[in-house]
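The hints should help you fit chain X onto chain Y, whose structure is shown.
Those sequence lines, one after another, are chains Y and X. Each number in the numbering used here corresponds to the 1-based position in the first sequence with 11 added. Each number in the numbering used here corresponds to the 1-based position in the second sequence with 11 added.
None of these hints come from the bench; they were simulated from the model. These figures come from a predicted structure and were not determined experimentally. C-beta atoms are modelled at their ideal positions from N, C-alpha and C, and glycine is treated no differently. You may find that some hints are simply not true.
Listed below are several chain Y residues computed to face chain X (Cβ distance under 7 Å; list not exhaustive) [as the list claims (entries may be wrong)]: (1) Leu65; (2) Gln142; (3) Pro152; (4) Pro348; (5) Arg352; (6) Ser362; (7) Ala472; (8) Thr480; (9) Glu496.
There are 2 protein chains.
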Amino acid sequence: MSTEQLIYLPLGGAGEIGMNCYVYGYGPAGKERYIIVDLGVTFPDMDGSPGVDLIFADIAWIAERRDRLDAIFITHAHEDHIGAVGLLWSKLQVPVYCRAFTAIHAKRKMEEQGQNPDEVKIVSAWPETVQAGPFTVGFLPISHSIPESSALVIDSPEGRVVHTGDFKLDKTPLVGEPYDPELWADVAKDGVRALVCDSTNVFSGHAGRSEASLGDNITKLISEQPGMVVATTFASNVARVRTLAVAGEKAGRSVCLLGRAMRRMIDASVNAGVLSDFPSTIPVEDAREVPRENLMLIVTGSQGERRAASAQLARGKYLGMSMQEGDTFLMSSKIIPGNERGVYRIINAYSEMGVDVVDDNDGMYHVSGHANRPDLLEMQNLVKPQIVVPMHGEHRHLREHCKLTAQQGRVSVLAPNGTCVSLSGNEPKVVEYVETGRTYLDGSVQIGALDGVVRDRIRMALNGHAIVTLIMDENDDPLGDPWVEIMGLPETGRSGAPLVDVLEAELSQVLGRMADKVLVDDAKLDEALRRATRNAANDEIGRKPEVTVVVSRLS
Amino acid sequence: MSTEQLIYLPLGGAGEIGMNCYVYGYGPAGKERYIIVDLGVTFPDMDGSPGVDLIFADIAWIAERRDRLDAIFITHAHEDHIGAVGLLWSKLQVPVYCRAFTAIHAKRKMEEQGQNPDEVKIVSAWPETVQAGPFTVGFLPISHSIPESSALVIDSPEGRVVHTGDFKLDKTPLVGEPYDPELWADVAKDGVRALVCDSTNVFSGHAGRSEASLGDNITKLISEQPGMVVATTFASNVARVRTLAVAGEKAGRSVCLLGRAMRRMIDASVNAGVLSDFPSTIPVEDAREVPRENLMLIVTGSQGERRAASAQLARGKYLGMSMQEGDTFLMSSKIIPGNERGVYRIINAYSEMGVDVVDDNDGMYHVSGHANRPDLLEMQNLVKPQIVVPMHGEHRHLREHCKLTAQQGRVSVLAPNGTCVSLSGNEPKVVEYVETGRTYLDGSVQIGALDGVVRDRIRMALNGHAIVTLIMDENDDPLGDPWVEIMGLPETGRSGAPLVDVLEAELSQVLGRMADKVLVDDAKLDEALRRATRNAANDEIGRKPEVTVVVSRLS
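Okay, chain Y solo, but in the shape it has when bound (with noise of 0.2 Å):
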């Protein structure tokens, strides 16, 4: 029996919707060559990571094995298999393969974040191929909200892995290629060792529905708007802003596309080819002349985020745009959990206004871009892999997808971020558990989630934050009385007293109690005042404040 093995190991993607990033190896056991398949993003929020910019997969484990590193492969231009390709390629320097579309964003990334953009190399559709170490890899066509979002063909002595990548099946996408099932038999006739499989929709019951069942009700429900319409969803649902496009134009309305994000994504669907049919649009600087009923925006910011335009024109004007009476918004997307407060909370500000707001909540006026529970059986069926490998998903997903598969009476592997499995034998086996974890963008800063940086800036926001200064003198006495300041504590608590006053109060009184052996000695002088502000802040406003404590020495 050969010693040599096929690995996988998610780092990012497989414990939440986002942050996708999968090892592939290949070798002598702890000597294999890797392959990475994307490198994304995910976003913060104030729950969990207040003013984090973006964040990421921790990477030190592959990245410590970098030379033996081949590539890195991108499987579609969603933030979350590409946004953090130029942020993290510096820690990595393999080359990174992509089809031409994605290429576009992979370069930009790189020029973004200093990087060379040559680095990022096109590979064409299968059957061409990359030789990448001891891997064959091919981009294998599959249908789902952007153009050339592929699958990838992973070919190694051990046989071949589909990695799907995100998909539906949709044979009229209008955006990226059909699925075509007689391309995927043939790619799977020889047999296929793993699909390795999205599983966002794995708890939706019903077959997916094609995007080009979307056109006709929305282009419906547009003619019959007296006033402005104002459609949003993702910028990077290229299909999507393209039904929304089409169907405003049928209605015989000026389209004018608002928001950074959207423009991109647009022009740069168009330089490339990939969307030489989308109508043609007017700037906002001719919108503002076109009459109401005869416009329809296309805006950013469908997940409620407070700078896009959706947020921008529910607070007033946008680039001389504005909401009025007689408006309508039409959100043709589904709510992220987590974003929903921030949607209705541009929902009801629309409403004040008077426009009139269309959701999902029938299905007509959106589609996902993700392969339901049916359809991920007829993946299955069609690839007929020895082993699923469910991924994308948190692991309520995962564990749903790998029950689902066992239903079928086939093998799957529940294998959560970190978890290293051999794929060679006749069943797939976790060889190791590899510590993984979050990298937040902090600023310009790269910080680790668990750094404590976070946590302090949580409990800044729950407690409120007290610094206490004191200058002791030569003779190690205090010069003077402490001084309180206070940043998000109340003013005034039980007592009336300006809260300060209350504190430096009580800490004059502790210092006045206090022994010389505390007094000389930092650590304790800083502790004895740090727990004397707590409980007079929590005598006076029922609150342990965060402390702060600086002393100063003039000795």
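Same frame as chain Y, now just chain X:
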């Protein structure tokens, strides 16, 4: 024409789902006598109110007029209607009227805040009424999800107002009085000037379903599970807790209630005699000895609350109980928008344990406690009010409710918080806009939402906090170098040197070239150091922190 007017003024609840607080007034303009209906709370979130304990309506307007306030009426014992009664009573100091079960909770809340529980007066159901200034008020039973939920029949010389409170049209609610259309028709038969009506479910197109429709589904589900079943719902949804407990008993399981709020609510219901048929339960000490397949826990934490029983079980042991592979977690509740992250965090933790999670995707295990769109129309047709006033909703709900009403040819008025509406005359008329807002309970202190305290906490969470201390000698020259402490900022940035060293070096340089007139001026010196710190941090870590400057002058 009379100079007397009947007014309606929502201070909370008409602009959010939560913190209900409605004022009715009658009398000459500016000299009306008032009553308050409900004094509820809403719950904070990390996005907008980190660290806050509770939120309720700013009642300054009515508190300033409390010499003309005659009474407070509480429709039912849900927190968003009763939660602030203890916290706000001292500013109002008038009797609190409610039904017996509601009074148990109101009295406890009064006691907890050091108020006299005897200020809470028990009123029986309609046709009993209370006289309060110019108003005669009765509690009209209606189905909801907690015992003794009631609408209010508010009579004034200008006619009858029916204030629905929270309601659904359920003839078999299992807990609380059934919906009795004959009783309601009788109350309405002599004409109703205004129906002030719950708007929560105006976007739900199908008729509401009865609580009684769930029992068989849940019993069947429980019977089929091989391990322990843990079910969660709102503790205050007494009807659902009963439905779950009965289903567990029917499925042959011992039932144990976990979570303080859950046990307290059921105990109160049983003690009040409004829940006589609740199955017998076992204490957690006994539950540990019951075989898993014979056990059902009903637990708090349906919204992912971190300290509730469901979250504790997701983290490991709780009171000696723990979940394991083969167990089932049943969510018999909907997720309130904004709570998705917390709920999915728990579900994913259970998934990691191998616990099957059953949610309410198909409506089999949960029905709403609020009237749906067709039910709202049924209510209008029953009561036949001259005016419909939507309440208990975000702006989008209120607006939709008005549109729905207009489609029936009825008059409605869109009155978000602060809109003082005269219900006298043929048409409702907005007579005044009153300043309203939110009050935060923050620790033990009540602060205004716009006081800046929470804003500062959010800023520290987003930007981190740098503290600069500097001692100036008797000659107004810096004594030594400035000292920097950081909290919530990366330790190192671009240069690789410690951030505090970089900032201190920069500040020393800035001080070295500082003009004397700045050095002697506290405000200017503070501002110069703040600006220098922010700019230096931005260069080093790409982020401008909040800065607190403490200058100590020895002079």
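Comparing the hints with the structure gives:
1. Hint status for Leu65(Y) relative to chain X: violated, with the closest Cβ pair at about 12 Å, above 7 Å.
2. A cut of 7 Å between beta carbons decides the hint on Gln142(Y): the least distance to chain X is about 38 Å, and the hint is violated.
3. Evaluation of the Pro152(Y) hint against chain X yields a violated restraint, the C-beta minimum of about 32 Å exceeding 7 Å.
4. With its C-beta approaching chain X no nearer than about 4 Å, Pro348(Y) sits inside the 7 Å limit, and its interface hint holds.
5. Nearest Cβ of chain X to the Cβ of Arg352(Y): about 4 Å, under the 7 Å cut. The hint holds.
6. Using the Cβ-Cβ criterion of 7 Å, the hint placing Ser362(Y) at the interface with chain X is satisfied: the shortest such distance is roughly 4 Å.
7. The interface hint given for Ala472(Y) is met, as the beta carbon of that residue sits about 4 Å from the closest beta carbon of chain X, less than 7 Å.
8. Interface restraint check: Thr480(Y) against chain X, minimum CB-CB distance 5 Å, threshold 7 Å, status holds.
9. This hint holds: Glu496(Y) has a C-beta 5 Å from the nearest C-beta of chain X, less than the 7 Å allowed.
In summary, the numbered hints that this structure violates are 1, 2, 3.
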